[in-house]
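S.K.: Based on these hints, arrange chain B on the given structure of chain A.
So the protein lines, in turn, are chains A and B.
For our numbering, add 1 to where a residue sits in the first sequence, where the first one is 1.
For our numbering, add 47 to where a residue sits in the second sequence, where the first one is 1.
Simulated from the structure, these hints should not be mistaken for laboratory data.
Virtual Cβ for every residue (Gly too), placed ideally from N, Cα, C.
Any given hint could be a false lead.
To be verified - No more than 25 Å apart at the CA atoms, straight line, and that leaves these computed lysine-lysine pairs for DSS-like:
1. A:34 / B:222
2. A:34 / A:172
3. A:191 / A:202
4. B:222 / B:179
5. B:222 / A:5
6. A:239 / A:202
Stated by the list, open to error - Covered stretches of chain B (in silico footprint by chain A; criterion: 3 or more residues with CB under 8 Å from a CB of chain A, positions within the stretch not fixed):
7. 173-183
8. 192-200
9. 211-223
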Amino acid sequence: MSHKEARLLIGGDPGSVSPELAEHLANCPECTKFQREMIALDANIRRALQHPPAGAALAEEALTTPAAAAGAPGETSDADVVASVTASAAPIASAIGGPPAAVAPVTPPSAKVIPITGARGRQHKRTSSWPGWALAASILVGAFATLAIWTLHPTDTLAHDVVAHIEHEPKSWASSQPVSPAALNEILRKAGVTLDANSDKVMYARSCRFRGHEVPHLVVSTSRGPVTVLVLRFESVKARESFHEDGMTGVITPAPHGSIAVLAQGNENVDEVAEQVQQSVRWLPESH
Amino acid sequence: MRGVRNSGPETPVSSFDGSTVGAEPGDPIIRLFATMRPDLLRFAHWLARDRAIAEDIVQETLLRAWRARDALKDQTAARAWLLTIVRREHARLYERKRLELVPLEDGIEHEGMPSPPGPDSELDSLRGAILKLPLEYREPLIMQVLGGFSTAEIAQELSLSSTAVLTRLFRARNKLRTMYGLTPAPDDSASEGAL
Numbered sequence: 002m003s004h005k006e007a008r009l010l011i012g013g014d015p016g017s018v019s020p021e022l023a024e025h026l027a028n029c030p031e032c033t034k035f036q037r038e039m040i041a042l043d044a045n046i047r048r049a050l051q052h053p054p055a056g057a058a059l060a061e062e063a064l065t066t067p068a069a070a071a072g073a074p075g076e077t078s079d080a081d082v083v084a085s086v087t088a089s090a091a092p093i094a095s096a097i098g099g100p101p102a103a104v105a106p107v108t109p110p111s112a113k114v115i116p117i118t119g120a121r122g123r124q125h126k127r128t129s130s131w132p133g134w135a136l137a138a139s140i141l142v143g144a145f146a147t148l149a150i151w152t153l154h155p156t157d158t159l160a161h162d163v164v165a166h167i168e169h170e171p172k173s174w175a176s177s178q179p180v181s182p183a184a185l186n187e188i189l190r191k192a193g194v195t196l197d198a199n200s201d202k203v204m205y206a207r208s209c210r211f212r213g214h215e216v217p218h219l220v221v222s223t224s225r226g227p228v229t230v231l232v233l234r235f236e237s238v239k240a241r242e243s244f245h246e247d248g249m250t251g252v253i254t255p256a257p258h259g260s261i262a263v264l265a266q267g268n269e270n271v272d273e274v275a276e277q278v279q280q281s282v283r284w285l286p287e288s289h
Numbered sequence: 048m049r050g051v052r053n054s055g056p057e058t059p060v061s062s063f064d065g066s067t068v069g070a071e072p073g074d075p076i077i078r079l080f081a082t083m084r085p086d087l088l089r090f091a092h093w094l095a096r097d098r099a100i101a102e103d104i105v106q107e108t109l110l111r112a113w114r115a116r117d118a119l120k121d122q123t124a125a126r127a128w129l130l131t132i133v134r135r136e137h138a139r140l141y142e143r144k145r146l147e148l149v150p151l152e153d154g155i156e157h158e159g160m161p162s163p164p165g166p167d168s169e170l171d172s173l174r175g176a177i178l179k180l181p182l183e184y185r186e187p188l189i190m191q192v193l194g195g196f197s198t199a200e201i202a203q204e205l206s207l208s209s210t211a212v213l214t215r216l217f218r219a220r221n222k223l224r225t226m227y228g229l230t231p232a233p234d235d236s237a238s239e240g241a242l
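Here chain A stands alone, though its shape is the one from the complex:
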């Protein structure tokens, strides 16, 4: 594969790495750098597109209920549900009982602001005080959004550290030669685990320093592309945590000892792989 072909594939779909591309990347630092830049850019594009171009206005309208704004929640009938599909966006949200949480992840602050303004100024909403309320709402929206973004930004989270670690080893994704069983077992043994799985699917295995401990960093070849696995014996999580950051989709699941992080590039669903990894990892009680 030529550089030109590699860059076309990367630019066309940064999150997708075919075996041929992986082979090229393994020997081409320039294209690897280009891929890393494009994955980062793609993550930003994805974030940018989550807002409609008109920003809060559209999202707010889609999520706001006119019934609530009019102070008459719960009066929407099933017939209105049907009608709402062809009417404006607002009654739909009302009819289905509010915004679906997964639809507009950064807009809940807007939705929270509406009742506040409505409770205090509902009677005046369409009178001359509208510009004032609009300004106040805008400020509150901004404040809530800033707070939400600041609060939810995964800077200090385990997921963020996992992503940052993987970004420091971009070539790991491109490995195409299976790791020898002996080398793999040695790395796993250091972490006190074994793997009940076909080792010829493991294309990359390193013992990496992560948060002060040595952890196995594996890349497993799957039918959907390479998947990175970090066995985090010393990092406990209370519940399963899914995340999407910097062009990677991942999940961290609780394990009998610590946790396991499984990540893929792009939007690939890793739940199935994470489940398989959970079942394949055997924790050695005598270690660590």
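M.R.: Below, chain B without anything else, positioned relative to chain A:
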């Protein structure tokens, strides 16, 4: 544009006064459509770059989807199905209405497209850059990133080869790279089919 409707009031779903015609109240598919409406609006808005047009497109999309609901065998595929209708409706709208085009900068400035709440001006700049992409580049990018369509699916939908789609996506991202101060990758393909 808000008043533009592409269907007459003889729709099987409802009339615009809200009275139900031909639909079962509480029909699961109505609720399914309703939950997806914000996604459809966002998708249509990025395609059309105009909120009112996007609303019209989505309305028409839902009407068409309702009429063709029997074709939806697998409800898990509803999102992709509806997004495809949105894209076609967007294309059809422009074919039929021959809308008067306004220079993008004018449109953005005059409509005062507000920035989404949040401190990230970099994302705002990126949004502006995406909006300025020609439709031939913006459309496959939105289909891929926002719609989750594969290259093959985009190629089929746009009646292009997969290589042509990859080229358009490559060029779209390449244009966006420049706003990050990154050097655009060489684009020496003479045509979209060149590899």
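S.K.: Determine for every hint whether it applies to the structure shown.
M.R.: These are the hints, each one checked on the structure:
no. : hint          : result
1   : A:34 / B:222  : holds, 17 Å
2   : A:34 / A:172  : holds, 10 Å
3   : A:191 / A:202 : holds, 20 Å
4   : B:222 / B:179 : holds, 10 Å
5   : B:222 / A:5   : holds, 17 Å
6   : A:239 / A:202 : violated, 30 Å
7   : 173-183       : holds (count 4)
8   : 192-200       : holds (count 4)
9   : 211-223       : holds (count 9)
Hint 6 from the list above is the single one not met by this structure.
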